[in-house]
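Engineer: Chains as they are written, first to last, in our numbering: chain Z, 560 to 906; chain R, 560 to 906; chain Y, 560 to 906; chain P, 560 to 906.
Since the hints were derived computationally from the structure, they do not count as laboratory data. Hints may be right or wrong, so weigh each one.
Claimed, not checked - Estimated spans, in silico, between C-beta atoms of each pair:
1. Z:Ala577 <-> P:Asp609: 33 to 41 Å
2. Z:Asp793 <-> R:Trp768: 36 to 44 Å
3. Y:Arg894 <-> R:Asp786: 17 to 25 Å
4. Z:Pro827 <-> P:Gly631: 53 to 61 Å
What the hints assert, rightly or not - Covered stretches of chain Z (in silico footprint by chain R; criterion: 3 or more residues with CB under 8 Å from a CB of chain R, positions within the stretch not fixed):
5. 619-633
6. 658-667
7. 760-772
8. 775-784
Using N, Cα and C, we set each Cβ at its ideal position, and we do this for glycine too.
Protein chains: 4
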Amino acid sequence: MTNLGSLGPTGPARLEAAARSAMSGHVYDYIATGSGVEETLAANEAAWRDLLLRPRVLRDVTTVDTSTTVLGTPVSAPVLVAPTGYQRLVHPEGEVGMAAGSARAGSLLTLSTRATVTFEELVEVSGPWWLQLYILRDRGLTETIVQRAAAAGARALVLTVDTPYVARKARRTPFPPDVVSPVLVPELQARDDKGVWQDPGVTVADLAWLAEISGLPLVVKGVLRGDEARACVDAGAAAIWVSNHGGRQLDGVVPTATALAEVRAAVPEEVEVYVDGGLRTGRDVLRALALGATATFVGRPAVWALATEGAAGVHDLLVSLRAELEEAMALAGCRTVAEVAPDLLHP
Amino acid sequence: MTNLGSLGPTGPARLEAAARSAMSGHVYDYIATGSGVEETLAANEAAWRDLLLRPRVLRDVTTVDTSTTVLGTPVSAPVLVAPTGYQRLVHPEGEVGMAAGSARAGSLLTLSTRATVTFEELVEVSGPWWLQLYILRDRGLTETIVQRAAAAGARALVLTVDTPYVARKARRTPFPPDVVSPVLVPELQARDDKGVWQDPGVTVADLAWLAEISGLPLVVKGVLRGDEARACVDAGAAAIWVSNHGGRQLDGVVPTATALAEVRAAVPEEVEVYVDGGLRTGRDVLRALALGATATFVGRPAVWALATEGAAGVHDLLVSLRAELEEAMALAGCRTVAEVAPDLLHP
Amino acid sequence: MTNLGSLGPTGPARLEAAARSAMSGHVYDYIATGSGVEETLAANEAAWRDLLLRPRVLRDVTTVDTSTTVLGTPVSAPVLVAPTGYQRLVHPEGEVGMAAGSARAGSLLTLSTRATVTFEELVEVSGPWWLQLYILRDRGLTETIVQRAAAAGARALVLTVDTPYVARKARRTPFPPDVVSPVLVPELQARDDKGVWQDPGVTVADLAWLAEISGLPLVVKGVLRGDEARACVDAGAAAIWVSNHGGRQLDGVVPTATALAEVRAAVPEEVEVYVDGGLRTGRDVLRALALGATATFVGRPAVWALATEGAAGVHDLLVSLRAELEEAMALAGCRTVAEVAPDLLHP
Amino acid sequence: MTNLGSLGPTGPARLEAAARSAMSGHVYDYIATGSGVEETLAANEAAWRDLLLRPRVLRDVTTVDTSTTVLGTPVSAPVLVAPTGYQRLVHPEGEVGMAAGSARAGSLLTLSTRATVTFEELVEVSGPWWLQLYILRDRGLTETIVQRAAAAGARALVLTVDTPYVARKARRTPFPPDVVSPVLVPELQARDDKGVWQDPGVTVADLAWLAEISGLPLVVKGVLRGDEARACVDAGAAAIWVSNHGGRQLDGVVPTATALAEVRAAVPEEVEVYVDGGLRTGRDVLRALALGATATFVGRPAVWALATEGAAGVHDLLVSLRAELEEAMALAGCRTVAEVAPDLLHP
Ligand SMILES: Cc1cc2nc3c(=O)[nH]c(=O)nc-3n(C[C@H](O)[C@H](O)[C@H](O)COP(=O)(O)O)c2cc1C
Ligand SMILES: Cc1cc2nc3c(=O)[nH]c(=O)nc-3n(C[C@H](O)[C@H](O)[C@H](O)COP(=O)(O)O)c2cc1C
Ligand SMILES: Cc1cc2nc3c(=O)[nH]c(=O)nc-3n(C[C@H](O)[C@H](O)[C@H](O)COP(=O)(O)O)c2cc1C
Ligand SMILES: Cc1cc2nc3c(=O)[nH]c(=O)nc-3n(C[C@H](O)[C@H](O)[C@H](O)COP(=O)(O)O)c2cc1C
């Protein structure tokens, strides 16, 4: 197995504590908060822990290989970076640090529409990356963003569909100031009107439009139901990303561990299914794979890591999670990601 | 969507804290208490939270409309005011403040038989209202109340059936003094005998009598079983109000979220079904609608709001809950109350 | 309804606190303790609370009658006194106080084989009573006890079958000294040998022997399974008493609320079934009746009441529980004990 | 019944507290810790407690016999000693003390591959014992160990299969120093290379090899699934030991109480099935027997006992657990281990 990262089992909790003391209370709250009364925030983590593992034994696990591919892109492990906005809030390197750390760990980055970096800055340091897209009320501007992303090398578009409006958060911290610039594209910078808000009128028909203007495969992020996943696939989605926005949009929804099995069962086998929300250990990743996920994404842990040590912190987090997954696979008798299967979970 | 009210997600809890410090311990306890050992008081709130939502995505939710009707009366949202007695205990405006706040929010008021206001005072400020009725041992007096209510413009009679006797409360605070006057009708004021107590001998046959003397549609409040709901409908009830009196009557009963589905399934589709008990957020309201409720009512939150800021507080609470419902509907992909359906709940 | 007793909903907890401060720590521990790690002690109370009630409405509950009979003896309510040993430990009146308080409340007393009173003292003050019997290793002495009890007016024999050995308790307090005298019969007083211990060799065949030497109906106490209950009935038992000795014998067994339904279903309808263990409110009693119990018994609450105020305390406790039952029946729409039925419980 | 041991119901918890104050924090943590975030460590104990007992009554339990056999070896009770490494860490007597205490209690010892004692020292004091084996990367050395064990009188080989790699622990204490010597065989002492690590390449085919070189019956330890147990039996295992290494290997797996029934059902009746993990009372042992275990093993409790009072402590623990089992059997109406059956458990 690879050398273990330095974070250890209690890494995520310690990371969060370290990050917390490295930032203002307002910024910490902005990242940590969930919406509503934070039911879903808590439920996400608990739902992974509730899944009991059934390890195989007496397999030859001399070598364990965590590598896999997402939409054809090879990654060192199915532990990828979820999009989170305004990363310069927590560290001067912002998205550049996140991209560099992710690249060095062999992972894949999802860049938020609300990034505080330009495509040009990003591509200098980044490994493979996808653009997370909000369709803005200003459709022309949306088109600009999509086409620049494609030109800059984005390998897929991730359309987030759980945020027609930004939900009210539990910790009603005023949005931390002075974060408007720099932004993804210069056209966004000058704008302070509702045209740059998410368009609440987006429908499934917009998937075809996006595919056409970008030429990129489409991932739909924020799906929690089998029937909705199926409809997205029928409308052209290449992959489904099961997410409740880390408990930041509609509070009280099913935890993603619960939704994952339903979504996996509803779409054809060749459609990749990803999941995020409350994944904190390599064992959680193993559970997600056993439920049929192609890969998993982490949100807050990556932000805490960036806040604490910039690119190096992000790298260490991802390597540590990969090492934990490797250990978990070995102890469950799985040599490859392909060998992870539903029999590993207690019904 | 409308502008959000100012209370925010943690509004109800903060309201209660504010109200608590605005009143004497005795009065606070009188309102907050449940009966028995307060099992049901706690269970009501928990039961809503236990219902997991399954949002739809990619619906055009540019406009979301929370308005609906109850027994033909239009209301701005299915968040209405439950009857609570003795409102002058908590604020000098008493029921007048409650009515005014409710009216300005486009909601509907249920006036308690134990109101500390006359019909004349009420109608001056009130929007649409119903009279909650206890059939008193003195049937003549009951008839007087019912007929005055009808004459004053009550749009329905709500017969409370869970209180043949007033249950002993957990917090055994002596009933706060000096609240006997003023009352609904002058005939009540002079009386201090058992004739003004609830009649424990009321049966389903009395529904016909009430309909006859009032000419008003009858809502039966305090039903927790399908078979009982059905019997009420067969005896002439126009609507069923699922309630356990906010955990103040028989302690240890099913939470209303549990009872609602059974009741909804037991009565014909055209019979409206309401619910109260432990509803604290717009998401709880969405859950109730998804279980088939026509509308929901709030008890203690409205009292806390009245205590804190009188009519303005009541208005703000109702607007805030409506805004939360609007947000929840948008994030669940529902444009209208009619679009809310059982598929929104995890089985 | 009758006047309510003075204890109120939080009576049992307050009683225990009062009793605790009225006695030495050793004596308190001796009574409060469960066996093992007290899993069953806690589970008994929780299991009643977990049963959700489904009240009927719109019944005429002007009068509610809690009276019933046990093996033909009329009692004012199905809330009776379980046998507990060594009652002079907690109050100088001991069993005499317990009997007097019970008699005045119209209840029925079960006298323990380990009583600190003679039959002669008891019958002076007691209402109807049963003798709880341990078959001792000295069968001759057992016969003496049984026959004196019958002669003194015991209306039934309650054979406790869950105590072939006395289980080790969680709170390992030394047994409080100076409690050996006085005892049930003079023959027990002089004895300090193993002949006065419970006989661990008792079998179902001994029921016939007991019936023969006593001429009394037999109740078997300490049964938690349907098959075992059935076997006792086949061997001549007139009634089954579902009990786990208040969590003082085998720890980790099913709570009595769980066992009751199984036992009730396993024996013919005409066989009475009683239950004890963790019943603390009138609502718990209603739940037990709804599960098919003919009557319920209280152990520790009666001891706390005796400790606090002697016979008067016992009387007040029993009247208070009866009043709570009366209230619960009224609020559930039941006029008589016979009207309490399984439909009152959520499945 | 035998005289009860001196530890009593709260023995295990008090033992751990006593041991904790008798050793350095590092050593305590090394023994107490689980892997990951200690989900399984907690779940093991809870899972036993969740199994509710259904006692039989009116059996003649004048004599209760806890004795049984494991692979033909008679033991005084089905409460045996699990292998734990490096016992000289906690007490100078180390494995010699463990063996002596176990022998005097009529129990059976499992010696760890990571023992700090030689076979020669052991056999001087030990009663019947088995060798727990890790197949090391150096297969020749493995063969040496196995053959010396067989020669020294081991009655079975216990192959641990849940540890191809040593999992990272929650309490990241550095491994306490100066414990490398003395060791099982001199050949291990001189070695500090990876050859003495567990071989992660072990497969089911190695069972035949081990049987051949040792001539001993094989027990496979660390199985949590029926299908895997069956495969081991098909490959020649004489018995299956259900274990998750006391929550020290893959964290988040099924508790052993859950896995036991599945494993028992999957292998032929004549194959013995053992279980360890979180067993702390005689009642837990009874529960395991009722689920079909032939015998149970204790890990940490035995280490705490050794740490506190050496061989005498181990003896007292085992006698106490036997006495608790005896009591539990008597109170459940079981005279012999053979009489313990699934009907004792609530489904
Ligand atoms: C501070 C923060 C900002 C986020 N910003 C975005 C965003 O701009 N676009 C998006 O699709 N998701 C966003 N998310 C959601 C994440 O992509 C992801 O779904 C979520 O964080 C996963 O849950 P976790 O934080 O428990 O790992 C954000 C999450 C957080 C915590
Ligand atoms: C202080 C107080 C007084 C109440 N008075 C009445 C009343 O007079 N008539 C009635 O039908 N319900 C009464 N209720 C019950 C409410 O109408 C309603 O069923 C309950 O409060 C809903 O639960 P919630 O408080 O959790 O929202 C009262 C409730 C409270 C808290
Ligand atoms: C201090 C004490 C002494 C007891 N002594 C006896 C006894 O002598 N005989 C018997 O059959 N049960 C005895 N019991 C058990 C009770 O009869 C009854 O089953 C139990 O207390 C009911 O549970 P509760 O205390 O939760 O009401 C005793 C219980 C306690 C608490
Ligand atoms: C400190 C410690 C060392 C252990 N060493 C070994 C070992 O060398 N080989 C092995 O097979 N199991 C080992 N185990 C696991 C035990 O054999 C056993 O499976 C586990 O302790 C049972 O759980 P319990 O501690 O809750 O009783 C060890 C456990 C502990 C706590």
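Engineer: Would you mind marking each hint as holding or not holding in the structure?
Structural biologist: Going through the hints against the structure:
1. Z:Ala577 <-> P:Asp609: 33 to 41 Å: 37 Å, holds
2. Z:Asp793 <-> R:Trp768: 36 to 44 Å: 58 Å, violated
3. Y:Arg894 <-> R:Asp786: 17 to 25 Å: 18 Å, holds
4. Z:Pro827 <-> P:Gly631: 53 to 61 Å: Since the Cβ atoms of Pro827 of chain Z and Gly631 of chain P sit about 56 Å apart, the hinted range of 53 to 61 Å holds.
5. 619-633: It is violated, with 0 qualifying residues against the three required.
6. 658-667: Contact hint for the stretch 658-667 of chain Z vs chain R: violated, 0 residues under 8 Å.
7. 760-772: holds (count 5)
8. 775-784: Answer holds; 5 residues pass the 8 Å Cβ test.
Violated hints for the displayed structure, listed by number in ascending order: 2, 5, 6.
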